[in-house]
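Going from the sequence shown to the numbering used here is simple: count from 1 and add 914.
Hints are computed from structural coordinates only; laboratory data are not their basis.
Hints should not be assumed to be uniformly reliable.
Result set (EDC-like, lysine to aspartate or glutamate): computed pairs, CA atoms no more than 20 Å apart in a straight line [to be verified]: (1) 1152 <-> 1163; (2) 1371 <-> 1288; (3) 958 <-> 942; (4) 1300 <-> 1347; (5) 958 <-> 940; (6) 958 <-> 927; (7) 1101 <-> 1268; (8) 1152 <-> 1201; (9) 1300 <-> 1250.
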Amino acid sequence: PEQLERTRQMIRDLNRALRERMEGGEPDFEAFQRQYPELAGGAKDWDDLMRQLAQGMAAMRSLWQSMSADMRNQLDELLGAAFNDPGLQAAMNELAETLGELMPADAYEHRLSGDEPLTLAEALGLMDQMNQLSDMEDIVRTARSSEDLASLDRDQVERLAGPSARQSLDELRHMTELLEEAGLIRKDGERYELTPRGIRRIGQRSLEEIFTTLKKDAFGGHRAKARGRGGDPTDELKTYEFGDPFLLDLPGTVRNAVIRGAGEDRAEQGARAARRVPVKLAAADFDVYRTELVTQSATAILVDVSRSMLFRGCFLAAKKVTLALDSLIRSTFPKDDLYIVGFSAYASQLKPTDLPRLTWNEYVYGTNMQHAFETARTLLSRSRGKNKQIILITDGEPTAHFEPGNPIPRFSYPPTRRTFEETLREVVRCTREGITINTFMLARGHYLVDFVNQMSKINNGRAFYVEPEHLGEYVLVDYVTHKRRRVA
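Take these sequences, add in the hints, and give me the full structure.
Right, here's the structure in full:
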């Protein structure tokens, strides 16, 4: 009777403390812990105690649901005999309702199934282990979002997931230390962030991966010949013609004269040949270096961050080529302007520092190309250069658009004619401002092909269908090829 009365009073005091917390108060946890160590001795605070109680209730509920009807009746009789006290039962019911409001037990429920029989103790032990795994999953999710591996308990990881998991955790922590020592990441509060050096390193690495797959002649097939002055010299030689920049290849010119003179000497005889000067230059002997015009341009790269990009395995390729293009322009074409726009239902400008963290939008439906084109057009209007282009990377057709005066996009799939019309109106505006739209399609859906065909009739851009693994090769080769135009 004394133990029963103590249990009844303990549950009542616990209910009183939890009600106080629900009303905004903060009851004394340490005093409760000293008075009832059998219940709260292993808890750190009220939240920890409630979590433990919620786990226990969820374990019993899951076990109850997994039992046969006969086993439920037997357990019900056993519990009724143990807790045959109306006051205690009322206190327990109140505790269950309070915990249900403060901490829903659904997250801790695990239904048992299978043919292997378990005793009650074994079943409760298994439920406890599964609840610990649930807690570990929550901790890992938190550590991933905050990028803080220190919050993971190495011993608990090994106990629940095995020695290999602990070894992997140690390696990740060591890798973090190495990256920090190399100046590639830094601690910002409780999170790590990439340094400018780290961002450049990722872009350079992406650039190297893409260009190592290219053939040696990949850049040679798209240059357009044009006569004229100016441009940067190349390593390629040509015979001098009137109007060419006089970038003379002196050794080659002298060699041409010697070869031509030797042939003429063999045709002449006697003293007349001996009186010739050693080298006599003719107009046909002159070799000069070709030049090519390197244009200044402004580019807006539009990256589709909708859910389908992830599901079709396209998102990583789009992210990598964006990083590589940013690195290419910064290192090779520093006078160019590059704007980055991510879009799903809405479009927004991204900074280069945002690229490593760029992820897909899994909570919003819609591919709003209308807003993406409008955003890119606004950004490109800041550039003074005449060469302006949009690089559109997507795996789907436009499925969302804005109606005039409505800040909320209208989504529809299959796409409506209205969505196509509003998006194409923005294409017309881009075309009027001299912006070329080059589209890289990562899928060949009927609606996407139809939309791109309509867009091509309005804008003089090009459209490519590419596999995700070859996206970088197409985009970067096309960019560099159209940066350089042979002029002499």
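A quick look at each hint next to the structure:
no.: 1; hint: 1152 <-> 1163; verdict: holds (10 Å)
no.: 2; hint: 1371 <-> 1288; verdict: holds (19 Å)
no.: 3; hint: 958 <-> 942; verdict: holds (12 Å)
no.: 4; hint: 1300 <-> 1347; verdict: holds (10 Å)
no.: 5; hint: 958 <-> 940; verdict: holds (15 Å)
no.: 6; hint: 958 <-> 927; verdict: holds (18 Å)
no.: 7; hint: 1101 <-> 1268; verdict: holds (16 Å)
no.: 8; hint: 1152 <-> 1201; verdict: holds (6 Å)
no.: 9; hint: 1300 <-> 1250; verdict: holds (11 Å)
Checked against the numbered hints listed earlier, the structure breaks none of them; every hint is satisfied.
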